[in-house]
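Colleague: Residue numbers (the numbering used here), protein chains in the order written: chain A, 1 to 110; chain B, 1 to 116.
Hints listed in this document are in silico derivations from the structure and should not be mistaken for laboratory results. Any given hint might turn out to be false.
What the hints assert, rightly or not - Selected chain A positions facing chain B (Cβ under 7 Å, derived; list incomplete): (1) Tyr31; (2) Leu43; (3) Leu45; (4) Tyr96; (5) Phe100; (6) Gly101; (7) Arg102; (8) Gly103.
Said to hold, decoys possible - With a Cα cut of at most 35 Å, we get these calculated DSBU-like pairs of lysine-lysine: (9) B:Lys62 to A:Lys36; (10) B:Lys15 to A:Lys36; (11) B:Lys11 to A:Lys36; (12) A:Lys70 to A:Lys56; (13) B:Lys15 to B:Lys78; (14) A:Lys56 to A:Lys67; (15) B:Lys78 to B:Lys11; (16) A:Lys68 to A:Lys36; (17) A:Lys36 to A:Lys56; (18) B:Lys71 to B:Lys16; (19) B:Lys78 to A:Lys36; (20) B:Lys62 to B:Lys78; (21) B:Lys16 to B:Lys78; (22) A:Lys68 to A:Lys56; (23) B:Lys15 to B:Lys62; (24) B:Lys16 to A:Lys36; (25) A:Lys36 to B:Lys71; (26) B:Lys11 to B:Lys62.
As the structure is a computational prediction, the values presented were derived from the model and not from experiment. For every residue, glycine included, the Cβ atom is placed at its ideal position computed from N, Cα and C.
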Amino acid sequence: GEDVEQSLFLSVREGDSSVINCTYTDSSSTYLYWYKQEPGAGLQLLTYIFSNMDMKQDQRLTVLLNKKDKHLSLRIADTQTGDSAIYFCAGSGGSYIPTFGRGTSLIVHP
Amino acid sequence: EAGVVQSPRYKIIEKKQPVAFWCNPISGHNTLYWYLQNLGQGPELLIRYENEEAVDDSQLPKDRFSAERLKGVDSTLKIQPAELGDSAVYLCASSRGQGADTGELFFGEGSRLTVL
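Turn these sequences into a full structure, and let the hints steer you where they fit.
Modeller: What follows is the structure in structure tokens.
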């Protein structure tokens, strides 16, 4: 099955860019996802990338996919205090069922 | 469109007591998931339903956990008897169905269980 690894914490200053990294193992993952979880809430899909793409940009979010190294990253431009949350990387595997990493806690300082 | 609804949001019980969680998925979503989220961890799949059929329950501890999805809509997850290690957040999610569009999951807010 899929195994997803990501760093646990990231601290940035408001206005800076944040980059959250993730590695996965299952090369058959058709989709790779970034979910966001705010305190006391469930997860919400932030963005995703199809496995035949290298990059996807969506407003302040940029997703980069390196299939050779099985590496996924999420860049948040102009990070705001409202972006403080836990960000989960997930791979769909071959069955469209997401397997989640442990999550990266993003802390944004004013 | 109403989101995934879960209840109760919080539950505190003593060990060895039973507990049940309820989930109402988004209307029209055929696939329903129960995930377990321990503190500081990502969600781990417990069971997945396609309509009323449990198609993946390999991670469900069947000695004390049970789930049902009668009529292929609402679902209930039960633990009997609860143990201290069951303290966690139980997340319900739904999706349109395997292979449908991007496979996005829609999550409820979760049910936080504390076992004393």
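Colleague: If a hint holds in the structure, say so; if it doesn't, say that too.
Modeller: Evaluated hints:
1. Tyr31: Since chain B brings a Cβ to about 6 Å from A:Tyr31, closer than 7 Å, the hint holds.
2. Leu43: Status holds, d = 5 Å.
3. Leu45: Status holds, d = 5 Å.
4. Tyr96: Cβ of A:Tyr96 sits 4 Å from chain B, so the hint holds.
5. Phe100: 3 Å, holds
6. Gly101: 5 Å, holds
7. Arg102: With Cβ-Cβ at 5 Å, under 7 Å, it holds.
8. Gly103: This interface hint holds because 5 Å falls under the 7 Å limit.
9. B:Lys62 to A:Lys36: Distance of about 30 Å is within 35 Å: holds.
10. B:Lys15 to A:Lys36: 32 Å, holds
11. B:Lys11 to A:Lys36: 24 Å, holds
12. A:Lys70 to A:Lys56: 16 Å, holds
13. B:Lys15 to B:Lys78: 14 Å, holds
14. A:Lys56 to A:Lys67: 14 Å, holds
15. B:Lys78 to B:Lys11: Between B:Lys78 and B:Lys11 the Cα gap is close to 13 Å, so the pair holds against 35 Å.
16. A:Lys68 to A:Lys36: Cα-Cα ~26 Å, so holds.
17. A:Lys36 to A:Lys56: Given that 35 Å is the threshold and the Cα spacing comes to 17 Å, the pair holds.
18. B:Lys71 to B:Lys16: Roughly 30 Å between the alpha carbons, so the hint for B:Lys71 and B:Lys16 holds.
19. B:Lys78 to A:Lys36: 27 Å, holds
20. B:Lys62 to B:Lys78: Holds, at roughly 10 Å.
21. B:Lys16 to B:Lys78: 13 Å, holds
22. A:Lys68 to A:Lys56: 17 Å, holds
23. B:Lys15 to B:Lys62: At roughly 18 Å apart (the allowed maximum being 35 Å), B:Lys62 and B:Lys15 satisfy the hint.
24. B:Lys16 to A:Lys36: 34 Å, holds
25. A:Lys36 to B:Lys71: With Cα atoms ~31 Å apart, A:Lys36 and B:Lys71 stay inside 35 Å; holds.
26. B:Lys11 to B:Lys62: Between B:Lys11 and B:Lys62 the Cα gap is close to 21 Å, so the pair holds against 35 Å.
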